[in-house]
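All chains should be modelled from the sequences, with the hints used to inform the complete structure.
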Amino acid sequence: MSIVLDGLTKRFGGRAVVDRVGLEIADGELFVLLGSSGSGKSTVLRMIAGLTSSDGGTIQLMGRDVTNLPPQQRGVGFVFQNYSIFQHMTAAKNIAFGLRIRGVRRGERRRKSEELLDLVGLGGLGDRYAHELSGGQQQRVALARALAYEPHVLLLDEPFGALDVKIRAQLRRSFREIQRRLGVTTILVTHDQEEAFEIADRIGVVERGRLIEVGNAEDLYYRPDSLFTATFVGAGTVFVGRCREGRAEFGPLALPLPPDVPHEEGAPVRVLIRPEQVLLTEEAPTEGLALGQGRVVESSFVGALRRVRLRVPRLPRTRQISPPAPYGEEGLLLEAVLPADRAVPEEAWVSLGGWRILEQPLPTLLVADALNGVAPPMESARPFAAALHGSIVVLGIVQGAEPPEALRDKLKAEFENEVAEIRVRAGLPAEQLRNEQAENFYDLAVLGALGRQAVRSVSLRRFLRESSTPLLFGAPREKFEKILICTAVGEPGKSDVRVGGWLAGRMGASVTLLHVSRDASPAPPWIRSHLDQGVATLSGFDVTAEARVRTAPTALEGILLEARQGDYDLVVIGSHGPRSRSVTARDDVTIQILDSANRPVLVVPEDSG
Amino acid sequence: MSAGQTGRGSSVFPVSVLLLVLLPLLLMPLAAVFVFALRGGPLAFWDAIRAPEAQFALRFSLLIAFGTTAINAVLGTLAAYVLSKYRFWGDRTLGVVVNLPVAIPTVVVGTSLLLLWGPIGLLGKLLDPLGLQPMFRPAGVLLAHLFVTFPYMLGAVKPVLDELETTYEEAAYTIGATRWTTFRLVLLPALRGGLITGALLTFAHSLGEFGATVMVSGNMRLKTQTAPLYIFAQFEAGDIAHANAIAAVLALLSFTIFFFLFRFASRGKGRSAE
Numbered sequence: 000m001s002i003v004l005d006g007l008t009k010r011f012g013g014r015a016v017v018d019r020v021g022l023e024i025a026d027g028e029l030f031v032l033l034g035s036s037g038s039g040k041s042t043v044l045r046m047i048a049g050l051t052s053s054d055g056g057t058i059q060l061m062g063r064d065v066t067n068l069p070p071q072q073r074g075v076g077f078v079f080q081n082y083s084i085f086q087h088m089t090a091a092k093n094i095a096f097g098l099r100i101r102g103v104r105r106g107e108r109r110r111k112s113e114e115l116l117d118l119v120g121l122g123g124l125g126d127r128y129a130h131e132l133s134g135g136q137q138q139r140v141a142l143a144r145a146l147a148y149e150p151h152v153l154l155l156d157e158p159f160g161a162l163d164v165k166i167r168a169q170l171r172r173s174f175r176e177i178q179r180r181l182g183v184t185t186i187l188v189t190h191d192q193e194e195a196f197e198i199a200d201r202i203g204v205v206e207r208g209r210l211i212e213v214g215n216a217e218d219l220y221y222r223p224d225s226l227f228t229a230t231f232v233g234a235g236t237v238f239v240g241r242c243r244e245g246r247a248e249f250g251p252l253a254l255p256l257p258p259d260v261p262h263e264e265g266a267p268v269r270v271l272i273r274p275e276q277v278l279l280t281e282e283a284p285t286e287g288l289a290l291g292q293g294r295v296v297e298s299s300f301v302g303a304l305r306r307v308r309l310r311v312p313r314l315p316r317t318r319q320i321s322p323p324a325p326y327g328e329e330g331l332l333l334e335a336v337l338p339a340d341r342a343v344p345e346e347a348w349v350s351l352g353g354w355r356i357l358e359q360p361l362p363t364l365l366v367a368d369a370l371n372g373v374a375p376p377m378e379s380a381r382p383f384a385a386a387l388h389g390s391i392v393v394l395g396i397v398q399g400a401e402p403p404e405a406l407r408d409k410l411k412a413e414f415e416n417e418v419a420e421i422r423v424r425a426g427l428p429a430e431q432l433r434n435e436q437a438e439n440f441y442d443l444a445v446l447g448a449l450g451r452q453a454v455r456s457v458s459l460r461r462f463l464r465e466s467s468t469p470l471l472f473g474a475p476r477e478k479f480e481k482i483l484i485c486t487a488v489g490e491p492g493k494s495d496v497r498v499g500g501w502l503a504g505r506m507g508a509s510v511t512l513l514h515v516s517r518d519a520s521p522a523p524p525w526i527r528s529h530l531d532q533g534v535a536t537l538s539g540f541d542v543t544a545e546a547r548v549r550t551a552p553t554a555l556e557g558i559l560l561e562a563r564q565g566d567y568d569l570v571v572i573g574s575h576g577p578r579s580r581s582v583t584a585r586d587d588v589t590i591q592i593l594d595s596a597n598r599p600v601l602v603v604p605e606d607s608g
Numbered sequence: 004m005s006a007g008q009t010g011r012g013s014s015v016f017p018v019s020v021l022l023l024v025l026l027p028l029l030l031m032p033l034a035a036v037f038v039f040a041l042r043g044g045p046l047a048f049w050d051a052i053r054a055p056e057a058q059f060a061l062r063f064s065l066l067i068a069f070g071t072t073a074i075n076a077v078l079g080t081l082a083a084y085v086l087s088k089y090r091f092w093g094d095r096t097l098g099v100v101v102n103l104p105v106a107i108p109t110v111v112v113g114t115s116l117l118l119l120w121g122p123i124g125l126l127g128k129l130l131d132p133l134g135l136q137p138m139f140r141p142a143g144v145l146l147a148h149l150f151v152t153f154p155y156m157l158g159a160v161k162p163v164l165d166e167l168e169t170t171y172e173e174a175a176y177t178i179g180a181t182r183w184t185t186f187r188l189v190l191l192p193a194l195r196g197g198l199i200t201g202a203l204l205t206f207a208h209s210l211g212e213f214g215a216t217v218m219v220s221g222n223m224r225l226k227t228q229t230a231p232l233y234i235f236a237q238f239e240a241g242d243i244a245h246a247n248a249i250a251a252v253l254a255l256l257s258f259t260i261f262f263f264l265f266r267f268a269s270r271g272k273g274r275s276a277e
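So the sequences go chain by chain: A and B. Letter 254 of the first sequence, counting from 1, is numbered 253 in the working numbering, and no numbers are missing. Each number in the working numbering corresponds to the 1-based position in the second sequence with 3 added.
Keep in mind the hints are simulated off the structure, nothing from the lab. Just to be clear, a hint being listed does not mean it is correct.
[Unchecked claim] Derived DEER-like restraints, expressed as beta-carbon distance ranges: (1) A/Phe300 x B/Arg266: 56 to 66 angstroms; (2) A/Val103 x B/Phe69: 33 to 43 angstroms; (3) A/Ala412 x B/Arg187: 42 to 52 angstroms; (4) A/Ser133 x B/Pro162: 24 to 34 angstroms; (5) A/Gly6 x B/Ala106: 47 to 57 angstroms; (6) A/Phe11 x B/Arg266: 43 to 53 angstroms; (7) A/Ala400 x B/Val99: 29 to 39 angstroms; (8) B/Gly98 x A/Ala412: 20 to 30 angstroms; (9) B/Ser13 x A/Ser133: 42 to 52 angstroms; (10) B/Glu166 x A/Ala412: 25 to 35 angstroms; (11) B/Pro17 x A/Phe300: 52 to 62 angstroms; (12) A/Arg407 x B/Leu30: 53 to 63 angstroms.
Yeah, the Cβ is synthetic: ideal placement off N, Cα and C, and Gly gets one too.
Below, the structure is given as structure tokens:
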């Protein structure tokens, strides 16, 4: 192994910009670190070179621990994005610089620099100064300079980033050839996926300081594990469904779950479909996995191919992460490609020719409070985040004139160490919460005690109806041992049982499934069987559950009485969804429970389970 | 085209106003020095320069100017390097303090030097019994000039150093060059422009320094009298011809330095625009 990194970490101001990166790179390998700007990939490279000190972990080059050595003693060649050719030296002198300070004699220096000039394709240009060379030529000189003293490893930081597209492609090819010929172990950092795919032996995807996935181009494209890789590398569509009885359910489709991506029952499942895996046919497909009839909404010609975006009717209990659906989108949007010479149909049958189930995501909790200047309800969120092993995203919403940066800084100062991300939006709270849910997938939104007051009753009804994420309202509680799931609100829901059961399973709570009946006569058999199904579903989550039927004049009174008498830690109710029949907020049972339950309430949208 | 013509047509008035204002303010005084210097004819001018005291004053001034430039070139570059490359507690304050000499009246500088190094000064008191007394000696003049001209070198070098990407040094480090080698072979050549500008400015200011020098030198002819002090002394004694002759030489020297400065500055601009 030429390069071995173990637990490499760098912190700036308490934040880990490089977070426990471990990596082994074989002799002669060309490894590419791929990530967006600010992901920490360049910091990794600079730490290997010794230009930035590390705060943890070790770096081994050719079996030698260099973690605490200065850059001069590491034997690396480094190529910078800005070339950094010494302006007052000719190209040949630049190349010979490393030999000069090592005391190599003049004649030998000249011979070597001429050899290298030929290698990088600049034969005869040795007498030129930097300002007499083009950007691409300067970068060739920089490469030759880094190779002249025969370093153990070669490190390149976005080496082609400052060049024109044509020159870039040319230089990339000749760089790949030189690297192969010399067999020097190389790490190249880039944000350009095409570049990574073209030259890399292996690629490491870096996001927010973590090396999240390593593989060759095909692995990362067709068999990614993480959502980040799936969406960062290449185009495609990602849907979220649920794991049910060992299969991934996306509406009527039940895809087998491969053994290498285990999912627990009830957990969200994400599937990646690459554009070329979307099959478009004129006739309804007789075999394969049909998604339905789609309508082409966008089409762009990109040379060899034509990219199209299709809208297919919404599948039950299926949501979309990528491409992000604009607010108000009724269907599901799919990315597909067609041969450039094929006419674009207006409508086509859509079926899947292939897909990849992504690894079970760690749950993500959205924590927000919609009132200006009020801290997000972290107290309420913490027990859930801990039980779900989930990460927290804090959303701050500014209304009016307050600058978003001020709120971001405030939230950052307070929560930076315990949350994964801090986002700030400006606008009306209910609207921004809804937009945030549309653009990102959350398992749970924690809105706290004040969330109820922030959203006025009229807009609250709309908000609850349009929300796609389970919403947790109410003051924090120390323990979550008893959960009440009310099936009596509106139509008997399935989502509330599933989401409530999943939470109960993760938190080790027991569940009471409640039905409120208006008269004292025994419950009709369909109610009983419905409750039995619910209990069966819950036992699938390894949750202790019992069913209870209560008699009360109204469903509301029954639920409130049961909640108070049983002193439940959480009340789970379904939201009516778009088909709500209540006319005003006053007769909306959901809102009335929110107002009077005096304990945390989880409102589960119909389609989220 | 038409825009250029209107531009040229309307420029006559503002240009003539500017010239009219500048004539008595700048241009005529500059010319006056030479007119008066040569009024007595070239022979008188030559005699005035050849006078032993005048010769000493000119040579002493040049010597001090060279010494000041050499020492401040090193100190100023060091200060620029440290202030540009290192972040430490109080670095900003230090950056302001080292630039203060341009803001302090030079007479005040002279006074404070006397109060520090003079026979009854804070440090001078300790040195005096040892027979070391820099004030009213050439060393005192040098100290004053170092103080007064310190910011010029720093001011010329630090911006260049600040703007130079650190990747040049980092490239040298990864190649294997030590800090010192990198400074010598990579940074110093890149700083050439700033160094020359700073040196010329330091030299010119040292040559013309009066306020601090008059305080610390004691103005002793043939011992500590610089050219500007000589001019002042001759003027006071009513020997205007001698004063004017040296003044003309000083002015000529300054013109030459500024000629180089301007040429250098415009060439530097041409290079960076490429």
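Next item on the list: Of all the hints given earlier, name the ones this structure violates by number, lowest first.
Entry: Structure breaks no hint.
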